[in-house]
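Asks: Listed below are the residues making up each chain.
4 protein chains.
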Amino acid sequence: MASAEADALVISSDPLHPANLIPELCRSFYQLGWVTGTGGGICIRTGDKVYIAPSGVQKERIEPTHIFVLPYPQPPPSPHTDRVFLRRPTSNLKESACTPLFWNSFDLRNAGSCIHTHSQHAVMATLLWTGPVFTISHQVRGTRLLVMSTSAVLRFPSQMIKGVRIAGTGTALSYLDTLEIPIIENTPNEEDLKDSMAEAMVKYPNAAAVLVRRHGVYVWGNDWEKAKTQTECLDYLFEIGVKMKLAGLLTVLNE
Amino acid sequence: MASAEADALVISSDPLHPANLIPELCRSFYQLGWVTGTGGGICIRTGDKVYIAPSGVQKERIEPTHIFVLPYPQPPPSPHTDRVFLRRPTSNLKESACTPLFWNSFDLRNAGSCIHTHSQHAVMATLLWTGPVFTISHQVRGTRLLVMSTSAVLRFPSQMIKGVRIAGTGTALSYLDTLEIPIIENTPNEEDLKDSMAEAMVKYPNAAAVLVRRHGVYVWGNDWEKAKTQTECLDYLFEIGVKMKLAGLLTVLNE
Amino acid sequence: MASAEADALVISSDPLHPANLIPELCRSFYQLGWVTGTGGGICIRTGDKVYIAPSGVQKERIEPTHIFVLPYPQPPPSPHTDRVFLRRPTSNLKESACTPLFWNSFDLRNAGSCIHTHSQHAVMATLLWTGPVFTISHQVRGTRLLVMSTSAVLRFPSQMIKGVRIAGTGTALSYLDTLEIPIIENTPNEEDLKDSMAEAMVKYPNAAAVLVRRHGVYVWGNDWEKAKTQTECLDYLFEIGVKMKLAGLLTVLNE
Amino acid sequence: MASAEADALVISSDPLHPANLIPELCRSFYQLGWVTGTGGGICIRTGDKVYIAPSGVQKERIEPTHIFVLPYPQPPPSPHTDRVFLRRPTSNLKESACTPLFWNSFDLRNAGSCIHTHSQHAVMATLLWTGPVFTISHQVRGTRLLVMSTSAVLRFPSQMIKGVRIAGTGTALSYLDTLEIPIIENTPNEEDLKDSMAEAMVKYPNAAAVLVRRHGVYVWGNDWEKAKTQTECLDYLFEIGVKMKLAGLLTVLNE
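Protein chains in written order, with our numbering: chain X, 1 to 255; chain D, 1 to 255; chain Z, 1 to 255; chain S, 1 to 255.
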């Protein structure tokens, strides 16, 4: 499993190789408060290979040799195994609990990378946008804020919306477009979010991310640069949306 | 276009060469939250050459070879081209959408550098100072706060005002001076801000910056040090102005 | 006392040796605001040796040679000395005032590492959860928030609870479990917290940490990784708990 | 003036030499938001020599060769010069406007170092503690908060008080002691603060710092370590004091 051939999948002198990028990006995400306490993570898919950091480890201290590599697509499940790997680390590291959720982004959006954060901006957004159905209208430029209890639509104009792409992998939104991010409820086991996340992605085909109540957010893109850029833009929007709400700004705009 | 001669414009062992400084400063601005999600940017003009970072890229990962170089002033527009370049990167990088706005700072203020941030402090300031005409008087030392709906004047005493220069390129303000920063409305295409930004700069000839509602701020100076210093001072003033407003401090001062 | 033999206890080329790790981790904790002003600290126990940083020094500038090494368990107290050391630094550094509190984590939980922070999130939590007995019910998934005046129990669902272990050294909590962190009152001398901390640890046998009112928090784990991870998770929970409380979110959930 | 002999005063391979320490500490203070926009600064006195950073420069980019060196005490003023220097940088750098204020800390407290920050926590504290005479009683452990209009006394128990020394240069305060920090009004020219700062230091002989309304704080100590430690402790106390006030915590305690 961790043969020399398998290890070659994660050894490269190219700093942009996924096995080198994932540790570097995780260190940066740690500084942003997105992956503290071993939470959060990132996967990168290059064609038929998926690179994923292990579960339950300090994300800012990951080494390339800690990376799991999986084939994409996965072969049909067999009675012997849940999941097939091209490479597993030798140490007793566990595969990421996010794996089935990352797979949603590949299967439903053909994404090349998916980022999961526990950002407090994302979590506070899921706590302040609680529904059942909440509407704010008459905002500048005719946009609206609409929130539902099990899935939420945030609508307010901000330059940062232009950094988000339709469905996460399409063309960029314009300043006048509406940004829609569904919110799903958390479950005790991260794997169990797979179905409700997929459901939200189907119901909101233009959504570039899925928020998980009291937990965090999943954001994807065509490649790691676009996934990272969109995660930054959405995190910015969650942060300023929370600030606006706490400052009573949206209520004023509702009048 | 990216000939050896053109490339020589961005290759230097001097860390203070604009092609080296722009990547370094962008990394620093990223840490401050000013240019996340590929937003924001900086240009440096040294006499007849203007150095600008490309559009839509991760600002904290720019390399000197990514820099565009343009002549200043630009030759008259021809039917063949909108803009003339001394150097374009070989990769398929797009020129900055901020270019016409940076040009305003050269043409109207003779600036040597202009910085554009998406700082949340700037954006929150544009959301809390909403007008139509709002006046706060009887503040300490007789200064006043005055805000209009399409352009705003912030007036409150703070030591950091002394770091801002009259018109951005003149002598430093004193502690007792009034700081005036106009706010213009955002547009779907960044280029379309050119005229309203120019209008605000003419209407407020002493302004060292222009805020853009729900978007960010443009700040200029005689050189990159002065542009950076003023951006820091203004960002500090936006941040503490927002804190004061949310703490009810300005309202109290209005009595 | 600081003989060559004793010095060998803190000299190693292994970056994961406790004498190298403690300075590195303290620099990182300083960046997080946990150990500014010489406050806070960390100890690591490897079998029968305990490594502790000195008291009253700038935690972000500690060198391996500043580390104290103590035997565990300590020999019975003699009339000549309060505490036995395997190594003391040559310079006039004082032993950590946290030593008896760190010892609680060894004696009562068999911990391998204990972290003490002055994080403002922890302190604000001790100020906002003030009791005497305060209950919030009907929260999502039936969890409850319960606070008592001299010891507090915080209960609200969050993904980050999964990063905390039962008693700090047991199995991980599930998303549906209740997180209990007792709060004890501060004393003028840090050493005098020993008994009330031990009492709280006995009264709350599942608690992974003890908060100290107007002071900070002590968090332990089986080793330094698990102690650090749990400190990050708890700090995250204190921070978002304070944000929720200030946003009126818990009050709403109480209805 | 900048002869080889004078330059030797700022050239050293010792990282703890004041000419090396000042640039390093200023970079660290910049990260903390204390000296952005060229504001703030630090001086270090070693016996009869005072090392000071220049005025109006980017504090995070200072080099050892930018440092001014002055004799302490200064010779009596002559008709030819205001101030005597042992070394001035060759470039056209201006001496620090803080010089007379730093001198207060030497003359009145025999300090070895003085730090000046524009920290927003300090400034917000000067805006929220506005007097005329404001008293909060019945706090935990019998401490009180007392604020006057032109000088303020902050009193609330916090572990971080133990990091502050009586008069800034004496023995450490205990957890039960009262922390007193006078607030003086700002003036257009920083030099003009000299007399009111000295007056406040005489009136509050135990104060370890002086706050300047809408401006920042001056903190001193026996050496740079103690000045830095106390600046961190006080900044922590200003920050959490502001948080407590905005959370309504002090008002509740007043009842």
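Hint data in this document are derived by calculation from the structure and do not stem from the laboratory.
The model shown is predicted, which means the values in this text are computed figures rather than measured ones.
Hints may be right or wrong, so weigh each one.
In silico DSS-like cross-links for lysine-lysine, where the CA-CA straight-line distance does not exceed 30 angstroms [stated by the list, open to error]: (1) D/K203 <-> X/K245; (2) Z/K245 <-> S/K203; (3) Z/K245 <-> X/K245; (4) S/K243 <-> X/K243; (5) Z/K245 <-> Z/K94.
Asks: Which numbered conditions among the earlier hints are violated in the structure presented, ordered from lowest to highest?
Replies: 1, 2, 5
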